[in-house]
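Heads up: the protein sequence lines correspond to chains D and E, in order. Here the first sequence is numbered in the UniProt record's numbering, starting from 1 and rising by one per residue. Here the second sequence is numbered in the UniProt record's numbering, starting from 1 and rising by one per residue.
Everything labelled a hint here was simulated from the structure, so no lab data went into it. Predicted, not measured: the structure shown is a model, and the values here were computed from it. Warning: the hint list may mix true and false statements.
Here are the simulated lysine-lysine pairs, DSSO-like style, with alpha carbons at most 30 Å apart [stated by the list, open to error]: (1) E/K242 - E/K150; (2) D/K113 - D/K150; (3) E/K253 - D/K287; (4) E/K150 - E/K161; (5) E/K287 - D/K150; (6) E/K242 - D/K142; (7) D/K287 - E/K287; (8) E/K142 - E/K122; (9) D/K161 - D/K253; (10) E/K253 - E/K113; (11) E/K242 - E/K260; (12) D/K287 - D/K253.
2 protein chains.
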Amino acid sequence: MAKSISAVFLSVAYLIASPALAAEELLTKAKQLFEPIPTTAPNLPGNPATPAKVELGKMLFFDPRLSASHAISCNSCHNLGLGGADAESKSIGHHWQLGGRNAPTVFNAVFNKAQFWDGRAKDLEEQAGGPMMNPVEMASPKAHVAEQLKGVPGYGEVFAKAFPGEADPTTLANVQKAIAVFEATLITPNAPFDRFLKGEADALSAPQKEGLALFMDKGCSNCHNGVNVGGGMYAPFGVVEKPGAELLPPADKGRFMVSKTPSDEYVFKVPTLRNIALTAPYFHTGKAWDLRQAVAVMGTSQLGVSLSDDEVDKITAFLASLTGDQPTVTYPILPPSGAATPQPEP
Amino acid sequence: MAKSISAVFLSVAYLIASPALAAEELLTKAKQLFEPIPTTAPNLPGNPATPAKVELGKMLFFDPRLSASHAISCNSCHNLGLGGADAESKSIGHHWQLGGRNAPTVFNAVFNKAQFWDGRAKDLEEQAGGPMMNPVEMASPKAHVAEQLKGVPGYGEVFAKAFPGEADPTTLANVQKAIAVFEATLITPNAPFDRFLKGEADALSAPQKEGLALFMDKGCSNCHNGVNVGGGMYAPFGVVEKPGAELLPPADKGRFMVSKTPSDEYVFKVPTLRNIALTAPYFHTGKAWDLRQAVAVMGTSQLGVSLSDDEVDKITAFLASLTGDQPTVTYPILPPSGAATPQPEP
Chain D
1 MAKSISAVFL SVAYLIASPA LAAEELLTKA KQLFEPIPTT APNLPGNPAT
51 PAKVELGKML FFDPRLSASH AISCNSCHNL GLGGADAESK SIGHHWQLGG
101 RNAPTVFNAV FNKAQFWDGR AKDLEEQAGG PMMNPVEMAS PKAHVAEQLK
151 GVPGYGEVFA KAFPGEADPT TLANVQKAIA VFEATLITPN APFDRFLKGE
201 ADALSAPQKE GLALFMDKGC SNCHNGVNVG GGMYAPFGVV EKPGAELLPP
251 ADKGRFMVSK TPSDEYVFKV PTLRNIALTA PYFHTGKAWD LRQAVAVMGT
301 SQLGVSLSDD EVDKITAFLA SLTGDQPTVT YPILPPSGAA TPQPEP
Chain E
1 MAKSISAVFL SVAYLIASPA LAAEELLTKA KQLFEPIPTT APNLPGNPAT
51 PAKVELGKML FFDPRLSASH AISCNSCHNL GLGGADAESK SIGHHWQLGG
101 RNAPTVFNAV FNKAQFWDGR AKDLEEQAGG PMMNPVEMAS PKAHVAEQLK
151 GVPGYGEVFA KAFPGEADPT TLANVQKAIA VFEATLITPN APFDRFLKGE
201 ADALSAPQKE GLALFMDKGC SNCHNGVNVG GGMYAPFGVV EKPGAELLPP
251 ADKGRFMVSK TPSDEYVFKV PTLRNIALTA PYFHTGKAWD LRQAVAVMGT
301 SQLGVSLSDD EVDKITAFLA SLTGDQPTVT YPILPPSGAA TPQPEP
């Protein structure tokens, strides 16, 4: 602790004494920990993007007929207008059941080490297969997905263009591939913080710079680092002090439920902080609606520090600098249902 | 009946004997009954459109926080990718309750004489106030709508731009006005039938022309006429012969429930047939998934004629010519929820 506290004093002192020097030091340090969001969508190994595949993925992302009820789409819980999440503690799924954990943002998810709060899917393609079949989410029987889409006459041609040369392109595997390449386009470059990382010293305000210094010096960046300012590792929630049961209910043991390794109890993927100011409520429970509260809880539970109101304000100001350009998406026109289309579950 | 049957024979005979003459006669007759969809959005009396108001209306149309659960938006049931409807018999609303009737398309709704199946709202502005407060739909308490939006900090500025000079622009009345001007932009011009009406003789195929002739000669156009090929009047469902209880359940007496006038029993607004090939299932119950079936039922129940398979095919082919350019809509970026935002109902 002594070291990081002195570092904070140093940073703050610099900001007062010599803003130019402090900004330079801050940038040097930040560049060692973070990377800007790229301005073009990354390639997915083994799943090359084509305009036709991205377009199909977009259609599927918005098509509620991937759910048993025909009422829930990927976009229902990963709303592209709400930071790629849904402004709910837990998402409302099939028959009004609640999801197990707060819906993570789909934006920049391509840069995460793994998907879901517990990392149980290794990539976007694997993730896309989850909610469709999850009985509390979209609740489509696995074999039904392709059957449903084959029952919508207009989709055949779109799948054929997206997966040329395949004899039977309308498959669940291709649904997942197409959704993944679309989701890989949902990146949010040009946040003030990205512009700062690229050398635009004035992209961050003075409080945001102080917040960035605190973010690094207090230890937040020990876990929240890299291109996604998170998303790159796992960590126990409550490493120093367990938060209350509302934020960390005993029944949800996190990654332990996937790995069955005792050291993974209450371990979760460190979430990205990209666009965090857009995606309240916070934590895997979605029980913290105030970003300032979430910052303070992280201080006590993860770092064992009680952040002052001023420190919380500055870190929160810095987090607002992680809001990037939101994706510009033209709403897709979907092929219609008809006489031959499997009907929604009553 | 004799008259209309002979007219059909005449039209069909013309199509065989002299296609050019028949097409000319067909066009002359059609122009007396129908009008093309305009290519620009109509003005709403007392509610002038501005880009800022249309943009606000679009945001509200897509914002699920207008519902008590924060999970249902206007677009949930009037999906802009599904012909402005939702491909459900009855829409799924608050707590998974089912709506009372099939969701009508929002596309070209501005041209309807009144809104809802029973015409209980005189225009789009009045209609927009219905589903938000309906306990089986979005279920927002009336006073809560403005309160909710005022709790989303970013909306203040957007309302101020849309309603300049108003001291307190974030009101339910303005929500309805903004949604109405956005919905007025959701028109679908340039359908093959519109191009035919404007003189492009080849815009309809031969079977579509025969279908159009049948549509007029059999009497479909007695009710389905005007710019919306419907939407301009009320009619009893089952005027000649009542369809079965699945299509016309005794409990739903239609416009009678609004007017309490006995002659309004089982009377409904004649729906638009614009984009009808995109908006299965059909009728106020949404119990007919096959457009061919719907055409045949209309023949027996409304006209007292048993249409042959060939006639049904041709009329259905004509109806497909009513599919116009679907609206191009950029998905709106919504202002985020935060600490001060009223939370969704648990």
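Review point. Does E/K150 lie within 30 Å of E/K242 when you go C-alpha to C-alpha?
Key: Violated, at roughly 49 Å.
Is the hinted pair E/K150 and E/K161 satisfied, with a Cα-Cα distance of at most 30 Å? Within the cut-off at roughly 15 Å; holds.
* Asked: Holds or violated: are the alpha carbons of E/K242 and D/K142 at most 30 Å from each other?
  -> With Cα atoms ~41 Å apart, E/K242 and D/K142 exceed 30 Å; violated.
Problem set entry | Distance restraint between D/K161 and D/K253, which requires alpha-carbon spacing of 30 Å or less | violated (43 Å)
Item to complete: Starting from E/K253, check that the Cα of D/K287 is at most 30 Å away, please.
Response: Roughly 46 Å separates the two Cα atoms, so the pair is violated.
- Query: Keeping to a limit of 30 Å between CA atoms, is the pair of D/K113 and D/K150 held or broken?
  - Reply: Status violated; Cα separation ~33 Å.
**Prompt:** Within 30 Å, alpha carbon to alpha carbon, are E/K253 and E/K113?
**Reply:** With Cα atoms ~20 Å apart, E/K253 and E/K113 stay inside 30 Å; holds.
**Report entry** Given pair status - D/K253, D/K287, alpha carbons within 30 Å
**Finding:** Distance ~17 Å between D/K287 and D/K253 Cα, so the pair holds.
message: Just to be careful, I want the Cα atoms of D/K287 and E/K287 compared with a cutoff of 30 Å; is the pair within it?
response: violated (41 Å)
- If you draw a straight line from the CA of E/K142 to the CA of E/K122, is it 30 Å or shorter? holds (19 Å)
Exercise for review: Starting from E/K242, check that the Cα of E/K260 is at most 30 Å away, please.
Suggested key: holds (21 Å)
Is the hinted pair E/K287 and D/K150 satisfied, with a Cα-Cα distance of at most 30 Å? Answer holds: E/K287 to D/K150 is near 21 Å, not above 30 Å.
The structure fails hints 1, 2, 3, 6, 7, 9 (numbered hints given earlier, in ascending order).
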